[in-house]
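Using the sequences and the hints, build the whole thing.
Protein chains in written order, with my numbering: chain B, 1 to 366; chain E, 1001 to 1366; chain W, 2001 to 2366; chain R, 3001 to 3366.
Keep in mind that a hint or two might mislead.
[Said to hold, decoys possible] Below, in silico cross-link-like pairs of lysine-lysine (PhoX-like), each with a Cα-Cα straight-line distance of 20 angstroms or less:
#1 Lys296(B) to Lys2226(W)
#2 Lys362(B) to Lys3(B)
#3 Lys1296(E) to Lys3269(R)
#4 Lys2057(W) to Lys2044(W)
#5 Lys243(B) to Lys219(B)
#6 Lys3268(R) to Lys3296(R)
#7 Lys2243(W) to Lys2097(W)
#8 Lys1057(E) to Lys3003(R)
#9 Lys1237(E) to Lys1268(E)
#10 Lys3097(R) to Lys3219(R)
#11 Lys1219(E) to Lys1237(E)
#12 Lys226(B) to Lys237(B)
#13 Lys1318(E) to Lys3057(R)
#14 Lys3222(R) to Lys1318(E)
#15 Lys1057(E) to Lys3057(R)
#16 Lys1318(E) to Lys1057(E)
#17 Lys219(B) to Lys283(B)
#18 Lys97(B) to Lys83(B)
#19 Lys2003(W) to Lys2097(W)
#20 Lys97(B) to Lys226(B)
#21 Lys3276(R) to Lys3057(R)
#22 Lys2362(W) to Lys2003(W)
#23 Lys318(B) to Lys2296(W)
#24 Lys2318(W) to Lys57(B)
#25 Lys3082(R) to Lys3003(R)
#26 Lys147(B) to Lys237(B)
#27 Lys283(B) to Lys243(B)
#28 Lys3276(R) to Lys3296(R)
#29 Lys3276(R) to Lys3097(R)
#30 Lys2057(W) to Lys57(B)
#31 Lys2318(W) to Lys318(B)
#32 Lys1057(E) to Lys3268(R)
#33 Lys3222(R) to Lys3243(R)
#34 Lys57(B) to Lys2226(W)
#35 Lys3360(R) to Lys3146(R)
#36 Lys2222(W) to Lys2243(W)
[Stated by the list, open to error] Pairwise CB distance ranges (calculated):
#37 Asp3240(R) to Gly2215(W): 38 to 48 angstroms
#38 Lys2057(W) to Ile1144(E): 57 to 67 angstroms
#39 Pro1143(E) to Gly214(B): 47 to 57 angstroms
#40 Ala277(B) to Gly2065(W): 19 to 29 angstroms
Just so you know, these hints were derived from the structure itself, not from any lab.
Backbone N, C-alpha and C define an ideal beta-carbon position, used for all residues, glycine too.
Protein chains: 4
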Amino acid sequence: MAKIPVGILGATGMVGQQYITLLNDHPWFEVRYVAASPRSAGKKYAEAVSGRWHLAKTFAPHIGGLMVEDANDVSRAVAAFKKGECSFVFSALEMGKDETRALEDAYAAEGIPVISNASAHRWTPDVPVLIAEINPDHTDIIPIQKKARGWDRGFIAVKPNCSIQSYMKPIHALAQAGYPAQRIIVSTMQAISGAGYPGVPSLDMIDNIVPYIGGEEEKSEKEPLKIFGSIENGVIKNADFPKISAHCNRVPVTDGHTACINLEFAAKKPSLDEIKAVWYAYKGLPQTADLPMAPKQPIIYREEENRPQPRKDRDADKGMAVVIGRLRPCNVFDIRFTALSHNTVRGAAGGGILNAELLKHKGYLS
Amino acid sequence: MAKIPVGILGATGMVGQQYITLLNDHPWFEVRYVAASPRSAGKKYAEAVSGRWHLAKTFAPHIGGLMVEDANDVSRAVAAFKKGECSFVFSALEMGKDETRALEDAYAAEGIPVISNASAHRWTPDVPVLIAEINPDHTDIIPIQKKARGWDRGFIAVKPNCSIQSYMKPIHALAQAGYPAQRIIVSTMQAISGAGYPGVPSLDMIDNIVPYIGGEEEKSEKEPLKIFGSIENGVIKNADFPKISAHCNRVPVTDGHTACINLEFAAKKPSLDEIKAVWYAYKGLPQTADLPMAPKQPIIYREEENRPQPRKDRDADKGMAVVIGRLRPCNVFDIRFTALSHNTVRGAAGGGILNAELLKHKGYLS
Amino acid sequence: MAKIPVGILGATGMVGQQYITLLNDHPWFEVRYVAASPRSAGKKYAEAVSGRWHLAKTFAPHIGGLMVEDANDVSRAVAAFKKGECSFVFSALEMGKDETRALEDAYAAEGIPVISNASAHRWTPDVPVLIAEINPDHTDIIPIQKKARGWDRGFIAVKPNCSIQSYMKPIHALAQAGYPAQRIIVSTMQAISGAGYPGVPSLDMIDNIVPYIGGEEEKSEKEPLKIFGSIENGVIKNADFPKISAHCNRVPVTDGHTACINLEFAAKKPSLDEIKAVWYAYKGLPQTADLPMAPKQPIIYREEENRPQPRKDRDADKGMAVVIGRLRPCNVFDIRFTALSHNTVRGAAGGGILNAELLKHKGYLS
Amino acid sequence: MAKIPVGILGATGMVGQQYITLLNDHPWFEVRYVAASPRSAGKKYAEAVSGRWHLAKTFAPHIGGLMVEDANDVSRAVAAFKKGECSFVFSALEMGKDETRALEDAYAAEGIPVISNASAHRWTPDVPVLIAEINPDHTDIIPIQKKARGWDRGFIAVKPNCSIQSYMKPIHALAQAGYPAQRIIVSTMQAISGAGYPGVPSLDMIDNIVPYIGGEEEKSEKEPLKIFGSIENGVIKNADFPKISAHCNRVPVTDGHTACINLEFAAKKPSLDEIKAVWYAYKGLPQTADLPMAPKQPIIYREEENRPQPRKDRDADKGMAVVIGRLRPCNVFDIRFTALSHNTVRGAAGGGILNAELLKHKGYLS
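Right, here's the structure in full:
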């Protein structure tokens, strides 16, 4: 089977680099189009990232030879599409919100589906915010979206913020098992790669933490409600629960966001053993459909009292699994636990690829 | 006025070193007796800490020449007392809980008051756990304690765990102003110096955090209730509120524990501006009595959105003030904020010295 | 072809864990015997390392079920040998030098070859210190060693210290090309994993460096002379050159030793371009014999002005390649450059495995 | 005695902040004029640095109320001079080299002496590069400089790069004692504060080092020769020796540059004990004239085998002393040792203040 040719917008940035390496040997997709800011446009990819490559893993040789296009010039992607070199794009754009939204719209309008990492379209009512295990049915909004915009082939689907990835699946697993959460208080310790490069200055991260990340707490509190929502009257209607209150902190860790969670159930309260059993058994469409990027076991529970830890657990199942530990009763709510997710893999490029696999599986990409 | 001669038990350890430097120029107290484990006993202090001194500040020259005594041998302290070289001791012992309790008892029984940093006696019902601004009246238990034990001159007073120092004073300030807290969820990011030396291995602290500190969450949840308690029938009776649920994490920071707090009031809910006004105006006995180690302003509120930060705020007012920031409404409880306190100063040696000043002010030490 | 069953002495330690994971899918060797200190003996391997596992990669399931034997009890290994479960051992023992030497001798005497990581036998004159690309012919001492000791099947071969791995191959490449070094001044910045676990306290490694590593400078200066030596009269006679002067520093990096090198040639001085060409073309027996653990290109030169960097370059070619950068003229000697090597892979377990592959290739192991 | 009013150019930057705090209680100088980039101009100082203050120590209240002037507008400084608010300026400008040179010239031409931290004028032949203990007599070039430029009251004096501060004084001490150095190989591990703010990205400094700092090695090799030079024919003629070869590395340390030094003497070779005695006895004009910012003992030698360490030694004698350790014979040259200096105090603002004190002592400032 011929691989589907894909493009990366923002290909030279931190998340773009993750897309490139994670797609090195992908069975379905092949990177044949790379676009970035005008500063990089016109250079070979290898040259454009020289001195700015941040990962231990490197890109495949043929990627190094691709010419970087100007991401602002949609006509280049359309030309690539016509040559069979760009069937859809992953958007890892790092520009302003309004600019990003307009540019992603332009790609979709020109027939290029956009699987986006950016936050620009997360609150557009007919754009699905997908976590492939949780709300794969939200893809049903895509035909509605296309029709409403008069788009033929293109559409937009996005993934949520990296900060919530570690606790959305455990909460969803419990809700599915009949134990929905009512209220959640969460405090995160987030990795510096989440801020891109140059990102967080080292003077803020040696012998220090920063108890603030602009916009992150609002995203952490609102995006889950859309993901847990349902399609009604052609838009995604948010869920009312769980109510979430978040503290988001930046800590001196390269990759892997850790979250400390206190949870109050809406009604029935499972035992700790039931909870672990629910998490252990949890599977979603990515697992049953055996999508290539899907973790075999989306939630890994570790019994050691001092886990999860970013350096040891972030790469679990190629960085796509959530690792949980320290489940125990809460003095104030019902339970508390600690959860970890790789922010640039599961929380960014890996999650985007899994979404694309879901969309292909459902027939929206080809 | 002649200074009161004091001894330090555990003088060569991390907290012992802090006591030594903080007392370098103390107006009331003078270190004239140092004791540690048998390994150090018999050496000059300078020699005993050579290669193991962890602070940027060094000890006064005359301290370097003191002979280190065996902390297990109470008779040495008694002899020093008789020579006018040790009127009372600060205990920074780092041995097992039962051993510590027995040894502190032995000093008190021999007439040497013990101002302790150790956790051994925190749950002894007639031993006060003091934060000088909050419960200075708990010193009233000391005559009862002495009488019950048949102790003449000696007694034991302790300070609480370093993890709670940053939020106890803001909570107390609000309670005093008529806004007691009902429930608190807290997540801490604690410095490595809290674990002593060698303490936390560097392999756990480079590009990593550890979401667990043995025993710390229990202390964080229970000790506040004793501090907020009252003396009844010759013992300290715990308060019933606030209920506290804590996550305690170790992060790669040398000094300064940061806490993210979510708080629900019991009844009346002040506005954010009222809260800041309450914190700004907060003073306790250490301030009104102008105790030497007391911070001028026990609670410093910073308006910047990204403070407090350990490296920048831990040394506020010689490390004795609590620095707070990010006060904002909570989606789930009433308010949330971030608080910081220097764990080896306010949370250990500095807090112990302030307690001794309080006790001297009240006439229990001379 | 059936795999050769191997044992790991010190299997639960930092280097032992690296051996276990690097041998997960080895085409020639299979771990079937694990031994450690009496504290771990009698436990399943999974249990013995629970809470003490330091790597992101985990061990294969069948390893978790192996019973840990007491490494001090050679008879257990002999029994395993007889059952076909331990043809030779990798020694990653972490005990005292004399103890290690005696114990490694005992294994060899009982017919179990020892491929060692430990420093105990590095100065035994008839024990080869192997870097597989540099002195594969030093294996010729093994028959002499066996004969001298009256050993039948067993023998001892060791690898050198991790601190020298990054510059030995570039120096050797130049010497082979006719440009031997006369004098070398080197300053290293070494990773904390080199000290094992718990190893370096975090209080020494947050916002700090330690300009001293016990014994490391002596090893760095002397071991190269044995590796560059030749077999004469049944012993390895050290080379006289290059004279080396080393500063060894500990820095807050998890893995990867970096070295800054100044080099004076003995006679002929190549141009910088010649040097790069020599390094690029460098191959040794591991490459020509296509040994499984051999890096394809033992020396990788990077042209970027700010490389090599530990986090980005240590994993080059599965952690087995040396990465070099910043080659430039020296104001005082002839050239200077910076070199990097993964200390627990190339510098420890990976180097040990490559030595075993070399020995099997030469017929010393089966 | 009335204090001399001084101005700070670049007052809001990293080094400017250090000047502000170090001058908080200076006996001779008082900050009454602050200037920075147009972005900050027109704001109160407290407002201009809000959210950008990097030090643990804060500025004096009256500084917070000063209006920040535009550093490009020399007329503002002239007006301040006329009002008696700016007798001379410390330049901590962070603009391009040519721009800085032109602007410093403009201040001097308008009658405002410039004591500069910037590198722009270090190679101007009639501008002295001062380390107050080493070449205080180079101030003799100032009258020549003024005359050549036709400047009346203004002049320019600069300090050298922070990277060389730790080894210049020990080398000078030995040269003065009759043991001049012939050749030096040095490898530095430099703190991130040297790069200003935002400066080095945290992704380069967590679990990593960067073996390159732009321009730093050239400065390290050339500036010492000017400092060791002599005034001949109205310019400073460089010394020919020592020849220096430097590797400059960036490491995850907030403050304090560490250097590993190998040194070859030109002729006579002192014993290690003689060297320590020379360093112990070393005093310069700052010490004999008792200048306020002068360290009592410019060179502190520590006998512990693992010192100096940045976190423990950088603040020695208010950050103005050099701390040395590990003096030992060198296998290749004569001796080697490790030296440390606080880069933003001794190496920047503190060194600048000491230079101003020297110039006042010599009558060049009033």
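To see whether the hints hold, each was checked on the structure:
For the hint linking Lys296(B) to Lys2226(W), the alpha-carbon distance of about 50 angstroms lies beyond 20 angstroms, and the restraint is violated. Distance check on the hinted pair: Lys362(B) and Lys3(B) sit about 17 angstroms apart at the alpha-carbon level, within 20 angstroms; holds. A C-alpha spacing of about 57 angstroms is found between Lys1296(E) and Lys3269(R), which places the hinted pair above 20 angstroms, so the restraint is violated. With a CA separation close to 19 angstroms, the supplied pair Lys2057(W) and Lys2044(W) stays within the 20 angstroms bound.
For the proposed pair Lys243(B) and Lys219(B), the alpha carbon gap of about 13 angstroms is at most 20 angstroms, so the pair holds. A hinted pair counts as satisfied when its Cα atoms are at most 20 angstroms apart, and Lys3268(R) with Lys3296(R) does not qualify at roughly 29 angstroms. Pair hint Lys2243(W) plus Lys2097(W) does not hold up; C-alpha atoms about 26 angstroms apart against a cutoff of 20 angstroms. A hinted pair counts as satisfied when its Cα atoms are at most 20 angstroms apart, and Lys1057(E) with Lys3003(R) does not qualify at roughly 30 angstroms.
Pair hint Lys1237(E) plus Lys1268(E) does not hold up; C-alpha atoms about 25 angstroms apart against a cutoff of 20 angstroms. Taking the CA atoms of Lys3097(R) and Lys3219(R), the gap is near 14 angstroms; set against the 20 angstroms cutoff, the hint holds. Restraint check: the Cα-Cα separation between Lys1219(E) and Lys1237(E) comes to about 16 angstroms, which is no more than 20 angstroms; the hinted pair holds. Proximity of Lys226(B) to Lys237(B) is assessed by CA-CA distance (about 7 angstroms); at most 20 angstroms being required, the pair is judged to hold.
With a C-alpha separation of about 10 angstroms, the suggested pair Lys1318(E) and Lys3057(R) falls inside the 20 angstroms cut-off, and the hint holds. For the suggested pair Lys3222(R) and Lys1318(E), the alpha carbons sit about 42 angstroms apart, so the restraint of at most 20 angstroms is broken. Of the supplied pair hints, the one linking Lys1057(E) and Lys3057(R) holds, its CA atoms being roughly 15 angstroms apart against a limit of 20 angstroms. Distance hint between Lys1318(E) and Lys1057(E) is fulfilled; the C-alpha atoms sit about 13 angstroms from each other, no more than 20 angstroms.
Between the alpha carbons of Lys219(B) and Lys283(B) the distance comes to roughly 26 angstroms, so the proposed pair goes past 20 angstroms and is violated. For a cut-off of 20 angstroms, the pair hint linking Lys97(B) to Lys83(B) is broken: about 30 angstroms separates their Cα positions. For the proposed pair Lys2003(W) and Lys2097(W), the alpha carbon gap of about 32 angstroms is over 20 angstroms, so the pair is violated. Between Lys97(B) and Lys226(B), the direct Cα distance comes to roughly 19 angstroms. Compliance with the 20 angstroms bound is thereby established for this hinted pair.
For the hint linking Lys3276(R) to Lys3057(R), the alpha-carbon distance of about 34 angstroms lies beyond 20 angstroms, and the restraint is violated. Under the criterion of a C-alpha separation no larger than 20 angstroms, the hint pairing Lys2362(W) with Lys2003(W) is consistent with the structure, at around 17 angstroms. Between Lys318(B) and Lys2296(W) the CA atoms are separated by roughly 25 angstroms; this puts the pair beyond 20 angstroms, and the hint is violated. Of the pairs offered as hints, the one joining Lys2318(W) and Lys57(B) holds, with about 10 angstroms between alpha carbons and a cut-off of 20 angstroms not exceeded.
With a CA separation close to 16 angstroms, the supplied pair Lys3082(R) and Lys3003(R) stays within the 20 angstroms bound. A distance of roughly 19 angstroms separates the Cα atoms of Lys147(B) and Lys237(B); the hinted pair therefore holds under the 20 angstroms criterion. With a CA separation close to 25 angstroms, the supplied pair Lys283(B) and Lys243(B) exceeds the 20 angstroms bound. Between the alpha carbons of Lys3276(R) and Lys3296(R) the distance comes to roughly 17 angstroms, so the proposed pair stays at or under 20 angstroms and holds.
For the proposed pair Lys3276(R) and Lys3097(R), the alpha carbon gap of about 39 angstroms is over 20 angstroms, so the pair is violated. Taking the CA atoms of Lys2057(W) and Lys57(B), the gap is about 15 angstroms. The hint holds against a cut of 20 angstroms. For a cut-off of 20 angstroms, the pair hint linking Lys2318(W) to Lys318(B) stands: about 16 angstroms separates their Cα positions. Note on Lys1057(E) and Lys3268(R): the hinted pairing is violated, with a Cα-Cα distance of about 38 angstroms set against a maximum of 20 angstroms.
Between Lys3222(R) and Lys3243(R) the alpha-carbon distance is near 9 angstroms, which keeps this suggested pair within the 20 angstroms criterion. Pair hint Lys57(B) plus Lys2226(W) does not hold up; C-alpha atoms about 35 angstroms apart against a cutoff of 20 angstroms. Taking the CA atoms of Lys3360(R) and Lys3146(R), the gap is about 16 angstroms. The hint holds against a cut of 20 angstroms. Between the alpha carbons of Lys2222(W) and Lys2243(W) the distance comes to roughly 9 angstroms, so the proposed pair stays at or under 20 angstroms and holds.
Look at Asp3240(R) against Gly2215(W): about 39 angstroms separates their beta carbons, and that is inside 38 to 48 angstroms. The hinted range of 57 to 67 angstroms is satisfied by Lys2057(W) and Ile1144(E), whose Cβ atoms lie roughly 60 angstroms apart. Take Pro1143(E) and Gly214(B): their Cβ atoms lie about 55 angstroms apart, and the range 47 to 57 angstroms holds. Checked against the given bound of 19 to 29 angstroms, the beta carbons of Ala277(B) and Gly2065(W), roughly 24 angstroms apart, stay inside it.
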